[in-house]
Amino acid sequence: MAFAIATNIPRYATLRIELFVMSKTLFYLVPFLFSIGTLVRGAENPEDFRLEITGAAWVLNPSGAIQSSGTPVDLVKDLNVQQQQPTFYGKLVFKPGRKHRIVIEGTPFRLSGLNTVSRTVTYRGQIFTVNQTLKSSADLDYVFGGYQYDVISGEAGHLGFSVGAAYLGATGVIQSVQTQTIATKSLTLGLPLAGTEFRAFPVPGHRWIDINGGIRGMALGSYGNYLEASGNGGVWVRHIGLEAGYRAVNANIHDTSSAGSGVAVHLKGPIFSAMWKW
Numbered sequence: 003m004a005f006a007i008a009t010n011i012p013r014y015a016t017l018r019i020e021l022f023v024m025s026k027t028l029f030y031l032v033p034f035l036f037s038i039g040t041l042v043r044g045a046e047n048p049e050d051f052r053l054e055i056t057g058a059a060w061v062l063n064p065s066g067a068i069q070s071s072g073t074p075v076d077l078v079k080d081l082n083v084q085q086q087q088p089t090f091y092g093k094l095v096f097k098p099g100r101k102h103r104i105v106i107e108g109t110p111f112r113l114s115g116l117n118t119v120s121r122t123v124t125y126r127g128q129i130f131t132v133n134q135t136l137k138s139s140a141d142l143d144y145v146f147g148g149y150q151y152d153v154i155s156g157e158a159g160h161l162g163f164s165v166g167a168a169y170l171g172a173t174g175v176i177q178s179v180q181t182q183t184i185a186t187k188s189l190t191l192g193l194p195l196a197g198t199e200f201r202a203f204p205v206p207g208h209r210w211i212d213i214n215g216g217i218r219g220m221a222l223g224s225y226g227n228y229l230e231a232s233g234n235g236g237v238w239v240r241h242i243g244l245e246a247g248y249r250a251v252n253a254n255i256h257d258t259s260s261a262g263s264g265v266a267v268h269l270k271g272p273i274f275s276a277m278w279k280w
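With my numbering applied, the sequence shown corresponds to residues 3 to 280, in that order.
The reader is advised that the hints may include incorrect statements.
So the derived label-pair ranges between C-beta atoms look like this [unchecked claim]:
#, residue 1, residue 2, range
1, Thr190, Arg100, 35 to 43 angstroms
2, Gln180, Val153, 54 to 62 angstroms
3, Val179, Val153, 52 to 60 angstroms
4, Pro206, Leu116, 37 to 45 angstroms
5, Ala59, Tyr149, 49 to 57 angstroms
6, Val239, Asp143, 28 to 36 angstroms
7, Trp278, Asp141, 22 to 30 angstroms
8, Asp141, Gly57, 18 to 26 angstroms
In silico DSBU-like links for lysine-lysine, alpha-carbon gap of 35 angstroms or less [stated by the list, open to error]:
#, residue 1, residue 2
9, Lys97, Lys279
10, Lys187, Lys137
11, Lys93, Lys270
12, Lys79, Lys187
13, Lys101, Lys279
14, Lys137, Lys79
15, Lys137, Lys270
16, Lys97, Lys187
17, Lys79, Lys270
Please keep in mind that the hints were generated in silico from the structure rather than gathered at the bench.
Where is the CB? At the ideal position from N, CA and C, for every residue including glycine.
Using the sequences and the hints, build the whole thing.
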């Protein structure tokens, strides 16, 4: 299956701004990590662990559009997809060595909406006319697995770079409440991804406060692009941590084997996490 950028769905301005901001943030955090490392030597090393497990509630605010053999369908204006939906996010980090990490993470997205449309909507060849009430759902399963090497690793925190691959399995359904007309589209694909991630303990001599974040994605040329970014701050009591932050995902992927089919979605919102490490 081939993919190309969905040029008729505008998301690039937001994508470029977020990528620029995250890149600049990481650029200035690198010397920051080096400087605080000289202030906190001698304390217990918080990076000395084998396993870290994270479970989080991501309060999701979706936007964007989907398209399949028809016109672009706006997730908010046309389908009224629910906002502020808590979504599970999980992450597992295994460290076979001080600077080596195996990372596995995933999210099962479950979106739904109900709306009376004010224009004609076409999806998968099915035409839904003005004033019809549309019930919609979108299920997206995301799993990433990869390897990370920490170029900085010590008592002050770490800075690492990762490579890996993501699996995306999606199914979108639109149904008319009045006529029971239904249109369904499924998509499965794998994406190569690369990125960078950090954690810093900014209070000299203490390990109970941390800040962390990361950015990961890939520009796939004519196939499209994918970008995810996050930033968090939290507190630790021995092996247990609680964090709050913000996470965003931009996906713009288009199926050229079927004319006029693709997605351009922006998933973002605050995230609240609990962690345990051993």
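Hints breached by this structure: Failing hints, ascending: 4, 5 and 16.
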